[in-house]
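K.L.:
Residues per chain are reported as follows:
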Amino acid sequence: MKLKSLICGVLLMAAFPALAQTDEEKGYAIQAEANRRDNGYIDSMHDAVMTLKNAQGEVSTREFVVKTLEVADDGDKEMGIFHSPADVKGTAVLTFSHGTKPDDQWIYLPSLKRVKRVATVNKSGPFVGSEFAFEDISSWELDKYRYRYLRDEEIDGNDCFVVENYPVYEYSGYTKQIEWLDKKMYQPRKIEFYDRKGALLKTLTFSDYNQYLDRYWRAGKLQMDNVQNGKSTELLRKNYRFKNNFSDRDFTENALKNVR
Amino acid sequence: MIHRYTGWVVNARWYILILIAGLVVMAGYGIKDLQFKSDYRMFFSDDNPQLTALENLQKTYTRDDNVLLVLTPAKGDVFSPEILTIAQQLTKDLWQTPYSTRVDSLVNFQYSHANGDEVTVEDLVGDITQLTPEDLTRIKLYALQEPLLVNRLVSPNAKVMGFNVVILRPGINQDSETVEVTRYVRKLADTLRAEYPDLDVRITGSILMDTAFAESSELDMRTLTPAMLTIIAVALWFFLRSFWGMVTVLLMMTLAVIATVGMTGWLGIAFSPSSIPAPTILLTLVVANSVHLLTSFYKSVNDGVNPHEAIGNSIAKNFKAIVFCNFTTVIGFLTMNSSESPPFRDLGNITAMGVVITFFLSIVLQPALMAIFPADGRPRWGSNEGWKKFAHFVINYRHYCLIGMTIAVIALATGIRLNTLDDEYVKYFDPSVEFRRDTDYTSDHLTGIYRIDYSLEKNNGDRISDPDFLQRVDAFVQWYRQQPEVTHVFAVTDIFKRLNQNMHSDDSAWYRLPETAEMSAQFLLLYEMSLPYGLDLNDRINVNKSATRVSVTLHSISSQQVLDLEARAQAWLKVNAPNFARHEGTGITLLFAHIGQRNIASMINGLLLAAVIIALTLIAVLRSATLGLLSLVPNVIPSIMVFGVWGMLVGQIGMASSVVVAMTLGILVDDTVHFLTQYQYARNQKGLLPEAAVEYAFSQIGNALWVTSFILILGFAIFAISSFKINQEMGMLTTLIFAVGLLADFVLLPPILLFIEGFKKSAKASSLVEKKAV
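Going down the list, the sequences are from chains W and H.
So for the first sequence, the UniProt record's numbering puts the first residue at 1; every next one is plus one.
So for the second sequence, the UniProt record's numbering puts the first residue at 1; every next one is plus one.
Hint data in this document are derived by calculation from the structure and do not stem from the laboratory.
Note that the structure is a prediction, hence the values are computed from the model and not measured.
Hints may be right or wrong, so weigh each one.
Okay, derived cross-link-like pairs now, BS3-like style, lysine-lysine, Cα gap no bigger than 27 Å in a straight line [unchecked claim]:
| no. | chain 1 | residue 1 | chain 2 | residue 2 |
| --- | --- | --- | --- | --- |
| 1 | W | Lys184 | W | Lys197 |
| 2 | H | Lys686 | H | Lys389 |
| 3 | W | Lys101 | W | Lys53 |
| 4 | W | Lys26 | W | Lys184 |
| 5 | W | Lys183 | W | Lys53 |
| 6 | W | Lys221 | W | Lys184 |
| 7 | W | Lys197 | H | Lys187 |
| 8 | W | Lys89 | W | Lys238 |
| 9 | H | Lys92 | W | Lys101 |
| 10 | W | Lys221 | W | Lys238 |
| 11 | H | Lys574 | H | Lys458 |
| 12 | H | Lys187 | H | Lys427 |
| 13 | H | Lys159 | H | Lys187 |
| 14 | W | Lys183 | W | Lys197 |
| 15 | W | Lys197 | W | Lys89 |
| 16 | W | Lys221 | H | Lys497 |
| 17 | W | Lys113 | W | Lys184 |
| 18 | W | Lys89 | W | Lys257 |
| 19 | W | Lys53 | H | Lys389 |
| 20 | H | Lys497 | H | Lys574 |
| 21 | W | Lys89 | H | Lys140 |
| 22 | H | Lys92 | H | Lys159 |
| 23 | H | Lys92 | W | Lys197 |
| 24 | H | Lys761 | W | Lys53 |
| 25 | W | Lys197 | H | Lys59 |
| 26 | H | Lys761 | H | Lys686 |
| 27 | W | Lys53 | W | Lys26 |
| 28 | W | Lys176 | H | Lys92 |
| 29 | H | Lys187 | H | Lys92 |
| 30 | H | Lys497 | W | Lys257 |
| 31 | H | Lys388 | H | Lys159 |
| 32 | H | Lys497 | W | Lys113 |
| 33 | W | Lys89 | H | Lys92 |
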């Protein structure tokens with residue numbers, strides 16, 4: 001009798017593997033799938049316009065171009081080149097992001113005509129005064145977080161997995177994020193950021209998704225609202241270009257000086 | 001008419017008692033919704049220009065309500081591994097404070113330094129286990145010359161350190177959010193004290209000030225009102241020598257206060273430190289009505305009238321006076337609605353509402369109670385003989401009284417201009433309040449608590465990286481640092497200088513502002529990108545990067561000195577930065593520095609209106625314009641004399657001063673009305689001569705006036721024991737005004753009356769003479 005029920009149990013578990021999965025495993029599995037689907041694009045480039053708004057309603061914009069080179073088994077290499085405001089035009093930032101270690105970062109300052117290496121563990125401060133932290137927009141790596149699946153939920157008519165992400169990086173500005181991941185695209189629809197004391201700090205909403213190379217989804221608009229101080233930032237990502245034939249040589253200290 | 005009404009009341013006394021008790025319970029049920037306001041902003045109206053300026057600044061940068069925790073080790077300085085370890089842990093714990101958005105301390109200060117072309121941005125104090133004694137010395141040397149740290153987060157002698165937590169309350173239920181923050185921080189401080197008994201831990205900041213406001217209201221509510229009740233009970237028993245009379249008045253007071261406080265809850269008016277006196281003030285006003293009714297009642301009974309008839313007599317005799325007295329009192333309190341500060345409007349409205357409730361209780365419930373309780377009163381003070389003697393004295397020496405009072409008024413009036421307005425808000429709390437002690441300690445040992453903030457920008461919209469702009473800001477900062485009133489100036493120019501040095505391999509020759517706009521902007525971009533969560537510059541620079549905030553911290557100085565300093569700063573800016581756009585100073589300190597002046601300006605119209613209404617009332621009661629207007633005199637001069645004496649003896653006066661005149665005027669007039677109605681009754685109904693009428697008035701109500709005024713004076717004097725200075729000051733001023741007012745009614749009003757009557761008589765006589773001559 002006992003044996004029979006045991007066999008039944010084993011058979012059942014084999015038939016429905018999901019039943020045996022913990023929420024942590026399921027969360028990881030979902031994000032691993034998201035990671036798998038986004039792999040292999042090799043390089044990309046887009047224009048970005050950031051619009052900052054304070055509680056007073058004052059508005060200010062920053063424009064920059066972002067080039068990305070995919071790196072297997074580590075964070076991507078990324079270069080951002082500022083076009084406006086005028087006084088930072090030509091300033092370029094090169095980042096080798098690493099999942100759980102401090103990034104390597106260099107900045108080219110046209111006013112000094114020099115490249116400065118920046119040594120800091122911080123990725124959590126506001127990026128150019130906006131509501132985005134550098135860690136919010138730098139490349140996403142699977143091992144940056146631990147995960148936990150929460151539930152399925154529909155958001156604006158899109159079926160989503162809701163997953164909690166816990167930052168592994170010691171100097172992250174967050175205790176956790178709650179992410180609504182679109183079941184069709186395996187891309188985020190919304191992320192909530194929780195601060196060090198576990199209170200909701202910001203909400204990031206993704207919209208205007210386009211598919212490139214018949215495979216890779218990219219959001220055209222990211223809206224970050226800080227619920228604590230009433231400030232917000234809109235980030236528009238335009239003119240996505242893939243297959244730029246970028247190589248490691250385009251992402252070096254020397255290359256920084258020659259960008260336009 | 002009135003006897004028919006009182007007859008009906010006497011018959012229905014039990015029904016009335018039950019009905020009123022039911023109504024009071026219903027009204028009193030509102031007490032469950034009672035709230036205590038804590039935000040310091042409550043003192044300012046929504047259209048206060050200084051408040052608007054402050055809110056604009058806070059919307060442009062960030063709101064910066066704060067908690068400042070101050071640590072002092074028993075010996076040595078703060079740069080020891082033990083203390084720095086505590087500081088690191090504390091910084092971490094403070095990040096857990098509810099609604100905190102930023103924690104600044106010596107240990108997490110973002111220290112930027114360079115090695116060739118490598119720029120490092122890190123916590124000033126990193127892993128303490130790795131620090132050598134040389135490292136500690138280096139950190140100490142750096143910290144003590146860093147303008148953004150010294151006199152702000154560390155004292156120049158390195159013995160005291162501060163931890164500043166910026167709190168952003170969502171404002172859904174702000175008062176409870178304040179409590180939450182305070183509770184967390186106090187618990188943290190207690191844990192520290194328990195764990196490290198040698199460590200001195202202090203807490204201050206605007207959140208703690210808000211807490212102190214709420215706590216002082218609650219304390220006043222808990223102590224003053226019961227103390228007042230007790231004192232009145234004893235005084236009544238002493239004066240009336242009647243147990244049941246005392247019970248009647250206590251019952252009236254209790255019901256009036258419960259109904260009023262309950263209605264306040266129903267209406268959603270939150271109590272604040274300045275409106276908390278309302279229930280206590282009300283107690284004294286109930287006493288006035290009740291005592292007038294009771295003394296007349298006992299007088300009739302003692303004269304042999306049967307009690308039920310005596311109730312009718314008492315109401316008939318006092319009805320007119322009570323109507324007018326309560327009316328003028330309500331007018332006086334409603335006048336406070338013209339105050340600039342909402343808490344004083346609340347004080348006026350709550351009390352006015354209470355007086356209306358009291359009026360109805362006096363004419364409905366009190367006769368019922370007098371019929372229910374035995375009439376056992378034998379008022380002890382001042383026999384009729386005594387009052388007659390006093391009346392003779394005043395009549396005989398009336399010229400001396402008039403001249404003496406006139407001289408006193410003129411002499412004392414010169415003291416009024418010696419008063420200077422002062423609202424140093426930390427000193428609102430006396431040293432028995434922890435917030436006051438901790439704040440004083442902080443001001444003495446670490447950094448000031450008063451602050452002026454400037455948002456500086458050029459009028460052509462240039463970005464802050466513009467070298468001309470930065471140079472002028474820096475000159476402004478340097479000018480401010482030379483002013484003796486200033487402990488610290490926080491500005492981005494110091495960061496730009498440090499960055500310029502960092503970008504030139506930390507060569508100290510480059511510790512100066514960057515030469516071009518591009519350099520400034522690009523250095524800033526690099527630095528901002530390297531800052532951690534919460535320690536950004538968004539509280540210093542606006543989103544357009546076109547304006548920057550300069551915060552000036554001051555020693556504990558008076559409001560007048562703050563205004564002087566700000567005026568000097570404006571003059572400096574006008575000369576040295578003519579191309580700057582918006583640059584008026586703002587902040588809590590300036591808000592309070594302006595409030596006294598604004599309150600007085602706002603009260604003047606209200607006060608004039610009240611004076612006109614009260615004068616018209618007097619004219620209506622007395623049916624005589626001259627008499628009505630002249631009766632204002634004994635009610636106006638007490639304020640003049642008292643503010644004069646205050647100017648000579650104290651000299652500093654806060655925002656409460658403006659409402660005192662309006663508040664006392666309405667109450668002072670009561671005694672005059674009571675006296676004059678008796679006087680007129682004697683003149684017109686009894687046909688007595690002026691001298692005899694004065695004597696009659698004194699003998700009829702001298703006692704009641706004396707008792708009610710004495711209780712009134714006690715009632716307001718009790719605020720002198722409040723730990724809240726605005727209430728203390730109000731208590732002392734009103735007490736003095738009532739005392740002088742009583743004196744004026746006794747020794748000035750009769751001579752004035754006699755003087756007018758004499759004048760009328762001689763005028764009549766001379767017109768007769770003229771007629772004869774024709």
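K.L.:
Each hint needs a verdict: does it hold in this structure or not?
P.N.:
Each hint, compared with the structure:
1. Lys184(W) to Lys197(W): 33 Å, violated
2. Lys686(H) to Lys389(H): 21 Å, holds
3. Lys101(W) to Lys53(W): 32 Å, violated
4. Lys26(W) to Lys184(W): Holds, at about 17 Å.
5. Lys183(W) to Lys53(W): Violated. Lys183(W) to Lys53(W) sits at ~32 Å, over the 27 Å cutoff.
6. Lys221(W) to Lys184(W): 18 Å, holds
7. Lys197(W) to Lys187(H): 16 Å, holds
8. Lys89(W) to Lys238(W): This hinted pair holds, its Cα atoms lying about 19 Å apart.
9. Lys92(H) to Lys101(W): 21 Å, holds
10. Lys221(W) to Lys238(W): Holds, because 9 Å separates the two Cα atoms, which is no more than 27 Å.
11. Lys574(H) to Lys458(H): 13 Å, holds
12. Lys187(H) to Lys427(H): 25 Å, holds
13. Lys159(H) to Lys187(H): 24 Å, holds
14. Lys183(W) to Lys197(W): Status violated; Cα separation ~30 Å.
15. Lys197(W) to Lys89(W): Answer violated: Lys197(W) to Lys89(W) is near 37 Å, above 27 Å.
16. Lys221(W) to Lys497(H): Answer violated: Lys221(W) to Lys497(H) is near 37 Å, above 27 Å.
17. Lys113(W) to Lys184(W): 47 Å, violated
18. Lys89(W) to Lys257(W): Holds. Lys89(W) to Lys257(W) sits at ~13 Å (cutoff 27 Å).
19. Lys53(W) to Lys389(H): 80 Å, violated
20. Lys497(H) to Lys574(H): 25 Å, holds
21. Lys89(W) to Lys140(H): Answer violated: Lys89(W) to Lys140(H) is near 38 Å, above 27 Å.
22. Lys92(H) to Lys159(H): Given that 27 Å is the threshold and the Cα spacing comes to 21 Å, the pair holds.
23. Lys92(H) to Lys197(W): 10 Å, holds
24. Lys761(H) to Lys53(W): 80 Å, violated
25. Lys197(W) to Lys59(H): 24 Å, holds
26. Lys761(H) to Lys686(H): Holds - the C-alpha atoms of Lys686(H) and Lys761(H) are around 19 Å apart, at most 27 Å.
27. Lys53(W) to Lys26(W): Since the Cα atoms of Lys53(W) and Lys26(W) sit roughly 38 Å apart, the hinted pair is violated (cutoff 27 Å).
28. Lys176(W) to Lys92(H): 17 Å, holds
29. Lys187(H) to Lys92(H): Holds - the C-alpha atoms of Lys92(H) and Lys187(H) are around 15 Å apart, at most 27 Å.
30. Lys497(H) to Lys257(W): 25 Å, holds
31. Lys388(H) to Lys159(H): 72 Å, violated
32. Lys497(H) to Lys113(W): 19 Å, holds
33. Lys89(W) to Lys92(H): With a Cα-Cα distance of about 38 Å, the restraint between Lys89(W) and Lys92(H) is violated, given a limit of 27 Å.
Against the hints set out earlier in the document, violations occur for numbers 1, 3, 5, 14, 15, 16, 17, 19, 21, 24, 27, 31 and 33.
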